[in-house]
Structure formats: C-alpha cells, structure tokens
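**Q** Given these sequences and hints, build the entire structure.
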Amino acid sequence: MSDLNQALSDRSDLRIAFENFFLFLAQPGYWWDSKQKIAIAAATRTASSCDLCALKKNALSRNQVLLAHPETEDLSALVVDMIHQIITDQGRISESQIIALAGSGISRLAYVELVGIVVCLFSIDEFCRALSQPLLALPQSQPGLPSQTQPENLDANTGYVPMIARDGLTEANQDLWPVGFGANVIRALSGAPDLVRQWKRLAAVLYLPLEEMGNLGQAATRRLNRMQMELIAGRISALNRCFY
Amino acid sequence: MLRVSAKIAGDTIDLSVLTQDAAAVDAGVQHGALLLAFADAFMSREPETLKDARDALAHASSFDIAVEAAGVAANFQRMVRIADATGIPIDDLTSELGTTIREELGLYAFPGAANSLPGP
Chain A
95 MSDLNQALSD
105 RSDLRIAFEN
115 FFLFLAQPGY
125 WWDSKQKIAI
135 AAATRTASSC
145 DLCALKKNAL
155 SRNQVLLAHP
165 ETEDLSALVV
175 DMIHQIITDQ
185 GRISESQIIA
195 LAGSGISRLA
205 YVELVGIVVC
215 LFSIDEFCRA
225 LSQPLLALPQ
235 SQPGLPSQTQ
245 PENLDANTGY
255 VPMIARDGLT
265 EANQDLWPVG
275 FGANVIRALS
285 GAPDLVRQWK
295 RLAAVLYLPL
305 EEMGNLGQAA
315 TRRLNRMQME
325 LIAGRISALN
335 RCFY
Chain B
4 MLRVSAKIAG
14 DTIDLSVLTQ
24 DAAAVDAGVQ
34 HGALLLAFAD
44 AFMSREPETL
54 KDARDALAHA
64 SSFDIAVEAA
74 GVAANFQRMV
84 RIADATGIPI
94 DDLTSELGTT
104 IREELGLYAF
114 PGAANSLPGP
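Just so you know, the protein sequences line up as chains A and B, in that order.
Numbering of the first sequence is given in the numbering used here, commencing with residue 95 and proceeding in unit increments.
Numbering of the second sequence is given in the numbering used here, commencing with residue 4 and proceeding in unit increments.
Take the hints with a grain of salt, since some may be wrong.
[Said to hold, decoys possible] Within a straight-line C-alpha distance of at most 30 Å, the following computed DSS-like cross-link-like pairs (lysine-lysine) qualify: (1) A:Lys294 with A:Lys129; (2) A:Lys129 with A:Lys151; (3) B:Lys54 with A:Lys294; (4) B:Lys54 with A:Lys151.
If you're looking for bench data, these hints aren't it; they were derived computationally from the structure.
**A** Pasting the structure below:
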C-alpha cells in the first residue's frame, strides 16, 4: 500500500461520511425523487469539463452565449444549466435565474435541495481529485416519491431562498445549528434540512466539526494547525472570488 | 479566521498572500509556501501540477497532512458555492476587523460582494 493510500485508510471517518452521503443520495428527497437526485449528481460531474460552460464563463455576459445545455431524461435544460453554473461560474448566479427556474416549475425550495446535492457531491469529488483517487460510483436509484415537506419558520428575507429563521429551529430541526449561532451560510440550505445535515457531516471530516470551528488553536484530531487550514481555505476562497 | 488564529498562536501573518499571485513565501505559517502551492495546483485542475505540489507537501510534512490539506481545499469548494448560489450576505458587514481585511485584500471587487452591499 502506498503512503498516500495508507494515510487515506487511516481516515475511515472520511469513507463513512462519503458512504453516508451516497446512501442519502439514493433516497427520494423533498422535491426530487431518487432518480432525479442521482441525475443532478451526474450532471454535476460533467460540469468541470463542459465546453459550453467554458464559453459562458469567458463571455462578458452569460446571455451572450445563446447555446443551451442539452436536457437529460430527468432534468430540463434550465436545470442542467443551473447545476453547471453552480460548479463553473457561481459568482454570476442571480436571483432572476431562481425566478426563471420557479417559472419552469422548480420552486425555490427545490432549488435549495438541488444546490445542496450539487455542492456536497462536488466537495467529495474534489477531495478525490485532490488525491488522484477515482470518483466513487453513483448509487442505484431507489423507488419512492419526494416527501414535499418543508420545515417550519421559513424566512424569505435573506438571499435568494427561503431559510429557517435564526431563532426558528423547532424540535425536529434543533440539530441544525447551536443556539445563538445560525450564520447565514449554515442557514442557507435549511429549507432542505437534510442537506444542512449532509454538508455539516462532510465539513466535519474534510475540515472541522461545526462545534469546533470556534476553537482557533490546534484541533486534537488534526495534524494541520488552524493557521495552516485557514491559509488553504483563504487561498481557495480567494481564487473562487468568494466575498462571503 | 486566519488572522485571528494567528493572533491566538502569537504569530504574525501576511494576508496579502491570499489574493496575490503565487509566491514561494510561507506567510508566517509552517509549510505555508507548500500549502499555498498545493491550493494553487488544486485550483489549476492540472493533474501533474497537482500531484507534484501534493507530493512536495507530503514529503516536507507527511501524507496525513496532504490528506487533510485535500480535505480543506475540497471543503471550501463547497462553501463558496453555497454562499453564491443562495445569495446570502455576510452576517456582520460592520465589524472593523472584517472591513479592514476585505479592504486590504480587495474583496469588494468580487461579484458576490453585491449580495452584501446596499444596492445603487
């Protein structure tokens, strides 16, 4: 076994979190069924090598490029375009696009769920890419209909999407963030609470558990110290032109 | 986070390395230059460049560190996309430290700034 593979095998927490996400992916969601969720994941995987995305990314305005992404069996062209933009040109996503999606039948809550699937899968894939590991196979779809449920106390006053109010956690969702915390980036996907749970679980193994983020010293479970982590985080964020 | 963690550790950090062109400097962080080179190689999406940077980091530190560095990089590919795809503003735009850092690093030029700043 190579040194890298040995280091990876020592981190069984990563494998468990990834497997948990793929199990989640295979289940029907809030607004998307299992087949659609897996189709969203599959479309996410094609974005980074998409020629049309490269054209749109380099255009002064994305609307200058009149070509559309091809629809798939489970996803409309508009949905595929949005998935690809989240990966390749997220800084230019505007609320007018979320409104257009709603006009095509994809509600803002369905969009929240879509964003969550895309970003969770992407972070797993990016981890694999960073270590020259093969991507994990997408799961087989499971039968069942979307639950079409939404959490209580949604607030539409922050960003483009409904999210649970900072002080609006009920018993069903009290695990989403600690009392008094509720930063916007935690709340952003709370219209689809399981996606917050998934990204928190992934963050806990890839970076740090939410509960440890306030500890700016050396985490007991990590070899990198916090300054080293934040140096990488800051550089990646800057290269992504992240203002938040 | 970086500046505060450095302050807690009693170190001084050069934040300008975050937004300037890659330079072989540690910025006041152990293995800083190698970590920055790894981050840049990761974002370049060039497999050979990435492998070279990862191996250089692993040989100077350990493969455990390289795995952790990959995790942090992958994690922050997710966070920016959550923020920009949902249009969320910064939670506290008024803090003096945050304002100073955003000005120092030129972050107000980033497209996502529009989600936090008052409209025209």
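**Q** Decide, hint by hint, whether the structure agrees.
**A** Here's how the hints hold up against the structure:
1. A:Lys294 with A:Lys129: 24 Å, holds
2. A:Lys129 with A:Lys151: 29 Å, holds
3. B:Lys54 with A:Lys294: OK: Lys54 (chain B) and Lys294 (chain A) at ~28 Å, within 30 Å.
4. B:Lys54 with A:Lys151: Cα-Cα ~26 Å, so holds.
The earlier numbered hints are all upheld by this structure, with none contradicted.
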